[in-house]
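First to last, the protein sequences are chains A and B. Under our numbering, the letters of the first sequence match residues 54 to 333, in that order. Under our numbering, the letters of the second sequence match residues 128 to 478, in that order.
Rather than coming from a laboratory, the hints here were simulated on the basis of the structure. For clarity, every value in this text was computed on a predicted model and none was experimentally measured. Don't be surprised by glycine CBs; every beta carbon is placed ideally from N, CA and C. Be aware that a few hints might be false.
What the hints assert, rightly or not - If you want a taste of the chain A side facing chain B, the calculated C-beta under 8 Å gives, among others:
1) 229
2) 231
3) 234
4) 237
5) 238
6) 239
7) 314
Stated by the list, open to error - Derived EDC-like pairs: lysine to aspartate or glutamate, alpha-carbon spacing no greater than 20 Å straight-line:
8) 205/B <-> 233/A
9) 232/B <-> 233/A
10) 205/B <-> 231/A
11) 232/B <-> 246/B
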Amino acid sequence: MRVGLLPNEGGGTYRFTMLFLATIGILISSLPVIVVTIMSFSASDNTGFPPTEFSLRWYADVIALFVNEDTSSAQSVVDSTLTSILVAVIVMVISTLVCIPLAYALVRGQRKIREGMELLFTLPLVFPLVILGIAFLLIAESLRVEIGIWRIVIPHLALVLPFVLRNCIGAMNGISIELEEAAISLGASPLRAIWDVVIPLMRAGILAGLIFALIISFNEFTITFFMYTIDVSTLPIWMYSRTVSSLDPSTLALSVFIIVADIVLIMLVDKLIAGRANLF
Amino acid sequence: MSVQDLHLHIDSVSKNFGGVQALTNVDLKIERGSFVCLLGPSGCGKTTLLRIIAGFENVDSGRLMLDDNDISMMPPHKRGFGMVFQSLALFPHMSVAQNIAYGLKLRGVSASAQRDRVDELLHVIELPNIADRPVSALSGGQRQRVAIARALAIQPPLFLLDEPLSALDAKLRDNMQIELRQLQQKFGVTTILVTHDQHEAMMLADELVVMKNGKVFQSAPPSTVYQRPADSFVADFLGAANIVSAKVSSKGQIELLDRNFDVAVDHPVGTNINVAMRAEHIKLTAEDQAKGNPIGTVEFIRDLGPSTELVIKVSDERLRVRSDNATMSELKLSQKVGVVIDSNTLSIFRA
Chain A
54 MRVGLLPNEG
64 GGTYRFTMLF
74 LATIGILISS
84 LPVIVVTIMS
94 FSASDNTGFP
104 PTEFSLRWYA
114 DVIALFVNED
124 TSSAQSVVDS
134 TLTSILVAVI
144 VMVISTLVCI
154 PLAYALVRGQ
164 RKIREGMELL
174 FTLPLVFPLV
184 ILGIAFLLIA
194 ESLRVEIGIW
204 RIVIPHLALV
214 LPFVLRNCIG
224 AMNGISIELE
234 EAAISLGASP
244 LRAIWDVVIP
254 LMRAGILAGL
264 IFALIISFNE
274 FTITFFMYTI
284 DVSTLPIWMY
294 SRTVSSLDPS
304 TLALSVFIIV
314 ADIVLIMLVD
324 KLIAGRANLF
Chain B
128 MSVQDLHLHI
138 DSVSKNFGGV
148 QALTNVDLKI
158 ERGSFVCLLG
168 PSGCGKTTLL
178 RIIAGFENVD
188 SGRLMLDDND
198 ISMMPPHKRG
208 FGMVFQSLAL
218 FPHMSVAQNI
228 AYGLKLRGVS
238 ASAQRDRVDE
248 LLHVIELPNI
258 ADRPVSALSG
268 GQRQRVAIAR
278 ALAIQPPLFL
288 LDEPLSALDA
298 KLRDNMQIEL
308 RQLQQKFGVT
318 TILVTHDQHE
328 AMMLADELVV
338 MKNGKVFQSA
348 PPSTVYQRPA
358 DSFVADFLGA
368 ANIVSAKVSS
378 KGQIELLDRN
388 FDVAVDHPVG
398 TNINVAMRAE
408 HIKLTAEDQA
418 KGNPIGTVEF
428 IRDLGPSTEL
438 VIKVSDERLR
448 VRSDNATMSE
458 LKLSQKVGVV
468 IDSNTLSIFR
478 A
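Put together the whole structure using the sequences plus the hints.
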């Protein structure tokens with residue numbers, strides 16, 4: 054006889070409680086997404102909830118925003134989007150290029166060094182983001198040179214590195230050194246052994262890290278809020294300015310696009326790692 | 128030991144790991160095409176020695192001479208020795224064929240020649256139809272054979288194995304030992320295998336190297352090591368011997384179990400010695416036919432089918448006795464028996 058995972062004793066109260074808590078949890082975490090999605094289909098000009106009529110006019114608005122460049126505003130949505138994508142891609146590439154060798158060195162190196170480094174890289178996670186933003190702003194302002202897009206890329210890197218590093222370390226952990234030695238004994242140079250054996254086996258973790266870097270950087274607001282300039286700004290900043298100046302549902306329609314893109318990426322991560330690396 | 132065709136000379140190699148002396152002046156001459164087993168308890172330095180030969184560790188002092196070339200400082204990937212690891216270390220992201228062909232690919236062998244070589248090896252290991260399978264789909268014995276084929280594919284001058292059979296169950300291990308020996312002879316490759324299993328070492332080796340605490344205690348063919356162990360550690364490690372303390376009583380005689388035995392000994396009269404005798408070399412007779420041999424008491428008896436295991440208490444010593452004589456199993460506990468010891472089978476060491 055099979056024993057159910059949830060005990061049936063106690064008149065099903067256990068089952069009911071679990072179900073209730075799970076429902077509450079899912080509701081709370083998905084509520085913003087639900088509200089934003091419903092609102093984006095609203096037909097009215099304001100953001101009163103719930104909407105009385107539905108239409109696709111805000112989606113048309115968003116598309117129009119992208120197609121007909123608005124020359125009146127200093128920073129157009131197209132520029133912001135392009136900057137966001139560019140920043141995210143640079144952050145993704147650099148963090149991966151840094152983290153693969155770093156993860157390799159830490160896992161193959163001494164345990165003490167590894168623990169210290171992991172702690173160091175986790176620090177940006179526990180720092181209040183506002184303080185981090187002010188700190189990076191102070192650093193950027195003290196520089197005498199204009200560093201352009203890098204004033205956003207560098208803080209994003211600090212935020213993203215712990216996630217990417219953890220994924221790479223997680224992927225690296227399972228790779229026995231004997232696999233490398235086997236490749237070397239067959240004639241591969243140490244670097245070739247890493248390329249042929251370690252990297253392919255780390256692949257899932259590396260890809261998960263890449264996508265995480267992309268999502269975190271693309272959605273980052275707090276630090277970027279301190280760092281953006283008239284020339285260099287990102288999509289979240291544009292959305293915030295737009296919402297502050299005129300709260301219309303076109304921003305919400307735009308966020309639905311972003312949410313869909315994020316969900317697709319996260320599902321991709323989930324498929325890729327399938328229990329082989331950890332996200333947090 | 129005389130070596131006809133010296134292939135590898137391990138020339139007084141020492142190795143120290145952070146203050147721990149892993150190897151002390153290890154000196155071995157390995158003949159071309161021979162099968163050498165490094166045997167010893169864990170921590171004896173046998174794996175370190177194998178890793179030094181493979182190039183994964185450097186020597187602190189001494190040299191490795193392969194065909195008169197000093198390879199001590201050559202990086203492992205330039206040595207081109209095929210190695211089979213304890214974990215087998217098959218590449219999980221490659222198919223069986225890709226695993227076997229990996230070393231060939233690194234050497235720039237053409238794709239068609241790679242395929243031919245893989246087919247040939249898969250036939251040799253009698254697994255012709257698994258080329259495209261992922262290694263995760265193989266059984267333990269199959270993985271074993273693929274790992275061996277991968278190492279042999281590059282036609283290595285030396286074939287190194289680090290406890291490759293330890294993960295297999297007893298019956299499969301037995302079969303693999305025979306297969307491994309046959310493969311080695313078919314390829315004629317000089318082979319060095321590390322093991323802690325004395326039965327495996329006896330099954331495989333032409334030359335048995337018994338190690339302890341980073342030193343070589345004896346290096347000889349298995350039968351010599353078994354019949355004429357160099358000291359009491361070797362005698363005890365290889366096929367449980369009885370180690371009994373004795374004394375040189377007069378010239379050419381030792382006092383053992385309160386009796387005198389004629390043995391050729393070099394030690395001066397009065398020297399305390401240890402005597403090793405194999406369990407199967409001790410014969411038992413009825414008490415009334417002992418004819419001056421020591422008398423003992425049966426303390427333990429067990430019929431194992433092909434043989435009988437006994438423990439006989441003689442004086443203050445307990446002797447393990449193994450006999451394939453069927454009448455032995457009729458002995459009873461506490462029964463008195465005569466213990467017949469052939470002095471030619473004794474090995475004598477200074478205590």
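Here is what the structure says about each hint:
1. For residue 229/A, the shortest C-beta to C-beta distance to chain B is roughly 6 Å, which falls under 8 Å, so the interface hint holds.
2. At its closest, the beta carbon of residue 231/A sits 4 Å from a beta carbon of chain B; the interface hint therefore holds under the 8 Å criterion.
3. Annotation: residue 234/A was flagged as interfacial toward chain B, and the flag holds, the nearest CB pair being 6 Å apart, inside 8 Å.
4. Because the beta carbon of residue 237/A sits about 5 Å from the nearest beta carbon in chain B, less than 8 Å, this interface hint is met.
5. Hint status for residue 238/A: holds, given a least beta-carbon distance of 4 Å to chain B, under 8 Å.
6. Contact between residue 239/A and chain B, as hinted, is supported at the beta carbon level, the nearest pair being about 4 Å apart and thus within 8 Å.
7. At its closest, the beta carbon of residue 314/A sits 30 Å from a beta carbon of chain B; the interface hint therefore is violated under the 8 Å criterion.
8. With a C-alpha separation of about 15 Å, the suggested pairing of residue 205/B with residue 233/A holds against the 20 Å cut-off.
9. With a C-alpha separation of about 16 Å, the suggested pairing of residue 232/B with residue 233/A holds against the 20 Å cut-off.
10. For the proposed pair residue 205/B and residue 231/A, the alpha carbon gap of about 17 Å is at most 20 Å, so the pair holds.
11. About 15 Å separates the Cα atoms of residue 232/B and residue 246/B, which keeps this hinted pair within 20 Å; it holds.
In summary, the structure is inconsistent with hint 7 from the numbered list given earlier, while agreeing with all the others.
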